[in-house]
Each structure stands twice: as structure tokens, then as C-alpha cells.
Amino acid sequence: MNVQAKPSITEAVPDDILLKVDNLVKYFPIKPGFLQKTTKFVKAVDGVSFFIRRGETLGLVGESGCGKTTTGRTVLRLHEPTKGSIVFEGQDLRKLKDEALRKKRKDMSIIFQDPYSSLNPRMTVGEIVGEPLLVHGLTNVQERTKRVHEVFAEVGLAPYHYRRYPHEFSGGQRQRIGIARAIISNPKLIICDEPVSALDVSIQSQILNLLKELQQKHGLTYLFIAHNLSVVKHISDRVGVMYLGKMAELTTSDELYKHPLHPYTQALLSAIPRANPEIKLDRVRLAGDVPSPINPPSGCRFHPRCPVAVDQCKVVEPEWREVRPDHYVACHLAN
Amino acid sequence: MLSLAVNKDALVLFKKNLASFWEIYRRNTMGLIGLFFLIFFGLLAFLGPHLVSVTTLVVDGVTQTLHPPTPGYWLGTDNLGKDILAGLIIGTRVSLLVGVAAATISMTIGTIIGIVSGYYGKTVDALLMRFTDVFLVIPWLPLVLAMAALLGPSLGNIVFVIGITSWAGTARIIRSQTLSVKERPYVERARAIGAGGTHIMLRHILPNVFPLIYANTVLVAAIAILSETTLSFLGMGDPTRISWGMMLHYAYEMGAVINMAWWWLLPPGIFVVLVVLSFTFVGYALDEVFNPKLRRRDL
Numbered sequence: 001m002n003v004q005a006k007p008s009i010t011e012a013v014p015d016d017i018l019l020k021v022d023n024l025v026k027y028f029p030i031k032p033g034f035l036q037k038t039t040k041f042v043k044a045v046d047g048v049s050f051f052i053r054r055g056e057t058l059g060l061v062g063e064s065g066c067g068k069t070t071t072g073r074t075v076l077r078l079h080e081p082t083k084g085s086i087v088f089e090g091q092d093l094r095k096l097k098d099e100a101l102r103k104k105r106k107d108m109s110i111i112f113q114d115p116y117s118s119l120n121p122r123m124t125v126g127e128i129v130g131e132p133l134l135v136h137g138l139t140n141v142q143e144r145t146k147r148v149h150e151v152f153a154e155v156g157l158a159p160y161h162y163r164r165y166p167h168e169f170s171g172g173q174r175q176r177i178g179i180a181r182a183i184i185s186n187p188k189l190i191i192c193d194e195p196v197s198a199l200d201v202s203i204q205s206q207i208l209n210l211l212k213e214l215q216q217k218h219g220l221t222y223l224f225i226a227h228n229l230s231v232v233k234h235i236s237d238r239v240g241v242m243y244l245g246k247m248a249e250l251t252t253s254d255e256l257y258k259h260p261l262h263p264y265t266q267a268l269l270s271a272i273p274r275a276n277p278e279i280k281l282d283r284v285r286l287a288g289d290v291p292s293p294i295n296p297p298s299g300c301r302f303h304p305r306c307p308v309a310v311d312q313c314k315v316v317e318p319e320w321r322e323v324r325p326d327h328y329v330a331c332h333l334a335n
Numbered sequence: 001m002l003s004l005a006v007n008k009d010a011l012v013l014f015k016k017n018l019a020s021f022w023e024i025y026r027r028n029t030m031g032l033i034g035l036f037f038l039i040f041f042g043l044l045a046f047l048g049p050h051l052v053s054v055t056t057l058v059v060d061g062v063t064q065t066l067h068p069p070t071p072g073y074w075l076g077t078d079n080l081g082k083d084i085l086a087g088l089i090i091g092t093r094v095s096l097l098v099g100v101a102a103a104t105i106s107m108t109i110g111t112i113i114g115i116v117s118g119y120y121g122k123t124v125d126a127l128l129m130r131f132t133d134v135f136l137v138i139p140w141l142p143l144v145l146a147m148a149a150l151l152g153p154s155l156g157n158i159v160f161v162i163g164i165t166s167w168a169g170t171a172r173i174i175r176s177q178t179l180s181v182k183e184r185p186y187v188e189r190a191r192a193i194g195a196g197g198t199h200i201m202l203r204h205i206l207p208n209v210f211p212l213i214y215a216n217t218v219l220v221a222a223i224a225i226l227s228e229t230t231l232s233f234l235g236m237g238d239p240t241r242i243s244w245g246m247m248l249h250y251a252y253e254m255g256a257v258i259n260m261a262w263w264w265l266l267p268p269g270i271f272v273v274l275v276v277l278s279f280t281f282v283g284y285a286l287d288e289v290f291n292p293k294l295r296r297r298d299l
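Top to bottom, those sequences are chains A and B.
If you're matching positions, the first sequence starts at 1 in our numbering and goes up one per residue.
If you're matching positions, the second sequence starts at 1 in our numbering and goes up one per residue.
Check each hint, because a few of them may be wrong.
[As the list claims (entries may be wrong)] Label pairs and their calculated CB-CB ranges:
#1 A:P273 / B:D133: 55 to 61 Å
#2 B:H199 / A:G219: 53 to 59 Å
#3 A:D289 / B:V12: 51 to 57 Å
#4 B:F21 / A:K95: 46 to 52 Å
#5 A:V284 / B:S176: 45 to 51 Å
#6 B:V12 / A:S202: 27 to 33 Å
#7 B:L127 / A:G219: 55 to 61 Å
#8 A:Q216 / B:L127: 31 to 37 Å
[As the list claims (entries may be wrong)] Taking lysine-lysine and the DSS-like style, the derived pairs with C-alpha atoms no more than 25 Å apart in a straight line are:
#9 A:K97 / B:K122
#10 A:K95 / B:K122
#11 A:K103 / A:K188
[Unchecked claim] If you only want the chain A side, here are some residues facing chain B, beta carbon under 8 Å, derived:
#12 F112
#13 N120
#14 R122
#15 H136
Hints listed in this document are in silico derivations from the structure and should not be mistaken for laboratory results.
Glycine included, C-beta positions come from ideal geometry on N, C-alpha and C.
Start from the sequences and build out the full structure, keeping to the hints where you can.
Here is the structure:
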């Protein structure tokens, strides 16, 4: 994409940028049968570029299956990227060998969507939270316990929770355990993979506020993945909108909600329910379903469902360009 | 002060887990019968040598050979005048010992190969599983006989031979469970924090395949006891120890059948069947407790 065409961008990443992802691609092979050759791929992430500044929150929204979770995991190399570069603190993560990557994981962590299955049912909460320290060489039990209790206090867990097992906790408390575990190694970047979508509404805001509080206190940087636009608006400085493995639009939170340029973003925003029944909704309704990521449409991937598509959209893939300062969009019609 | 309170917590939890385990287990009639017999044989093995006097096992002359059951000799005597009941009781210890020891060896090998193979996948998996297949398809009895003959008849060798030849099925089962466990989110999470393979296998996968290991150990123990009996019957046993297999061996060799000495041939056979059955019953019951899908719905 055109970001790559700009010279010297990967070599000299400005210091205020913590993570820079360029043209990230992740294809999953489909094996038709035993010993048969792979002929098809699920193009989960197909050329995504973005950067995150230190201390900010970048939201990532999109429908189910648009590749936002895969993007988050590929950034951490939990999935091996097919193509592209992931520059974290000036270092290309794709070039790291296994052991170096393992050590680097201290600086990056992830909070998972499902607080039930992501905690090992046979470990105590203390062991779960202290595990990153153990893995990174802090073998002294007393020091580890002390640090775990510090983090417990920060996320709002009580000391006596230390020897309890995960099944004894509610969803919100489990997500606190997940957060405690994510921050204990003092990471710089945390990927929040739909951290509140499995929780009920009253708990969601508690967890979001906790995340914000921790961000201010420790200067954390978040990549916040969600499908709930209100949640993303609440927490993010900038927001990226994904559609079928591609980034459609990326800009500051305010700009995105006030002046969305991509027709897909406009449709998404018009679908947010309003609390006031007096407001006349001018909904953009999208026809049809999301196409299959195995055979994505030609040209602009959104054209079969786009209300304003022209002939050019069916043939030519739109460029990822900066139409206004800090406002990126991939659409032929946006100005 | 804190740690004391905390330990009490863990103890209460343990008691709670044990209570709920028993709550499910006791609904299983088969499991209860099996457990009863296991405890019975366990006590017999433990107390055996104190229950019988050594003199009943001494070859005591011509008058009382091949005597049918009478008071004093409740199960009669063999061709050398030794008390059958005393032999049975003494033999329990050897049979159970071989069963438990061989099962331990077998489970250790099977678990290691299963977990490593399942976790690393790809080439490691292919190599280890082909190796396992070799052990699965080799005709078991000739292999065991050849190995036992080569190593010579001693209890240790018997345990070794049985242990080393019976792990293949276990490795398969553990591997399949590992494949399932390693895809769970908490394992991915462990990788995300930078945990290495050894850490993940020991801390995350092993504890979560353990229920399967328990249940399978009990089943393998049953097979091991049967194997010991088979080997002894075929004359590969340790001639210096009394075991049920050895008793059957001598009974057969010395013409118990021709002499219609049913009291010599039947009791060791029945004991072997009972022990194997009780191990199997307990194994199935444990499987049901640990595998909620097999549990009855009326809970």
C-alpha cells in the first residue's frame, strides 16, 4: 500500500510512536483433506497499516469476522504474520528469534475477551497473576507474592483472593484478575481484545474506568478491540474501522463520530441506538451479508453493499490515504 | 497469621472438592463394588504375611498332598502339601505390586510421550506417534516373552517388561487430550506472557490431563496384573516368589486338571479375575466422575 511507498518510514520511526504496523497480512490456509495441497486461504487480515503513539488508546472496531481480533493476536505474534512488519519500540518483532521474542513479551500483554476460559481452572488466582513474573525469572516466592498483592490492590481485588480458584469469582472479578495479570510485568503495550463484551453493562463501565485509571497511572498504551461503538468512543483517542480484513477508516475519536468519511463508518454510526425516541433516525441500512473472506469482492471490498458505490469501486482497490491531517480513509469518494 | 488463614482456606476447599467427588462417585454401583474389592485386596496384600504362618507353606510330607478342602486347610493342599489359601494370600502382594509398579512406569512413559507429541505437533508429533504405532502393532505376547526370556526371570524384570510394552495406548489418549487442552485460551494466554514450552506443559497441560491419567492408570494396572499372571503361567515368572500366576503355572504343570484338583486351579484364577474386574470397575467409575459428559443427567 502507499504507506510503504513513502521512503524511510520503517527505518526511522518517530520516538513518540510505540507500535507501527505496516501492511500486515495474515492468511489461514484451508486444507481440503489429508495430504492434499492447500489451495484456498481465509484472508483474515489483508494489508492493515496503523500506528499507536505512546500513552494513547487506539480503538479497533468492526463486525464479527472482520479480522480485528486476528490483527491484535498477529501483532503479538500469537499468530505468525504472513506478510508485513510490526515495529515495536523501533524493533521489528517479525525478525526476533523465539527466545528474544519470549523476553520481549514482558513489554506487551493481552487481555482476553472471555474471562471464563482464559484462566486456568487448576491454578489459584495468585499463581495466575504471578505467572508472568515466574516466567520472566522472578523465582523468589516472597517477592512474587508481595508484587501480586500490590497489583491486587490496584485492580480492586482483596488479599484473601490469593488462594482462591477462578471458578469462585464473578465475570467482572475475573476480568480484574485478567487485568492484574496483564499489568504485573509493567508492560508498555496492552492489547485489550474485547475485554468488556462478555460482561454485563453495569460491570462494563467499572472495568473501562479501571483501564483508564491504570493507563493514567502507568502511562500504558492500549490497542482496544471491540464491536461496541459507544465503548470504543468512551475509551479511545483514535479509532480504526475494519471491514473484511482491511482498514476502512482511521482517525481521532471526535473526528470519526462527527465527520465519518467512509460509507461503512457512516452506516455503523447510524446503527448506534439512541436513548431519545424523539430523534428521527436517518439509518443507513446495508443490504446483504458480509462476503466471505476466502473470496473477497474485487476492487473495494465494500462495494457490493455500499450505498454510493460507482463503477470504479468494482475494479480499482481504493488507496489508504491521509485525506486530512490524522484522518486516513480507503475510499475513492472521500475528500 | 495471614498464611495460617490462607492454609485453612485451601484445606476447606480440598475437603469440599473431596466431598463433591464422593457425592458423584457413590452413585456408581459398579465403582463401589470395585472399590470394596480393591480395599479388600489391598488389606490382604498389606497384612498377608501376618495372617498365615510360614509352616503351612512348607513342604510337609506325603500324607497331605493334593488334599481337598477341609477345616484347617480351607482350600486344600497342592501336590507338595502346601496350603492353597496361604499361597493365595501371600501371592496377593506380588500381584498388586507388579500391577501398580508396571502401571506407574507405563503411565509415566505414556504421559511424557503423549504430552510432548501433542504439544509440539508437526515433526515431533509425527516421529513420536510412528514410534508409538510400532509398539501398538507389534504382537504383544511374543515381544513380552522374548524380552522376559532375555532379561531372565525376576520380579523387577517382569515389572520393567510389562511397563515398557504397555504405554502406547496411554500415549495416544494423553496426546488427544493434550491437543484439546493446548487450544484453550489460558494456554494461548500463557504463550502471550512469554511462557516457554516446558512451563506450559508442566503448569497448564499436565494438571488438566491429570484426571485422565488417574482413570487410565487404574485400567492399565488391571492389564498389568493380567500380564504378570500370563507371564508367570507361561513360566517366565520369578520362581522364588509365590504369585497367583505361579500357582496356576504349577497347578497346570503338575496335573491339577487330570487329578480333578479344582481347589488348586480355581481359586487363583478367580482371584485374578476379581482383582482385574475391580480395577476396571474403579477405572470406569473414575472416568465417569472426571468426564461430565458420561455422567447421568439426574444430578
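Against the structure, the hints:
Evaluation of the 55 to 61 Å hint for P273 (chain A) and D133 (chain B) yields a pass: the beta carbon distance comes to about 58 Å. As the Cβ distance of H199 (chain B) to G219 (chain A) is approximately 29 Å, the hint placing it in 53 to 59 Å is violated. Remark: the range hint 51 to 57 Å for D289 (chain A) to V12 (chain B) is upheld by a beta-carbon distance near 52 Å. In this structure the supplied range 46 to 52 Å holds for F21 (chain B) paired with K95 (chain A), their Cβ-Cβ distance being about 50 Å.
At roughly 49 Å, the beta carbons of V284 (chain A) and S176 (chain B) sit within the given window of 45 to 51 Å. For V12 (chain B) and S202 (chain A), the hinted distance range of 27 to 33 Å is satisfied, since their beta carbons lie about 31 Å from each other. Take L127 (chain B) and G219 (chain A): their Cβ atoms lie about 48 Å apart, and the range 55 to 61 Å is violated. Evaluation of the 31 to 37 Å hint for Q216 (chain A) and L127 (chain B) yields a failure: the beta carbon distance comes to about 52 Å.
With a C-alpha separation of about 19 Å, the suggested pairing of K97 (chain A) with K122 (chain B) holds against the 25 Å cut-off. Restraint check: the Cα-Cα separation between K95 (chain A) and K122 (chain B) comes to about 23 Å, which is no more than 25 Å; the hinted pair holds. The suggested pairing of K103 (chain A) with K188 (chain A) holds, with an alpha-carbon distance near 13 Å, which does not exceed 25 Å. Taking 8 Å as the C-beta contact cut-off toward chain B, the hint placing F112 (chain A) at the interface holds, the least distance being around 6 Å.
Restraint check, N120 (chain A) versus chain B: the minimum CB separation of about 4 Å is within 8 Å; hint holds. Because the smallest distance between the Cβ of R122 (chain A) and any Cβ of chain B comes to about 4 Å, under 8 Å, the interface hint for this residue holds. Interface restraint check for H136 (chain A): the shortest CB-CB distance to chain B comes to about 6 Å, inside 8 Å, so the restraint holds.
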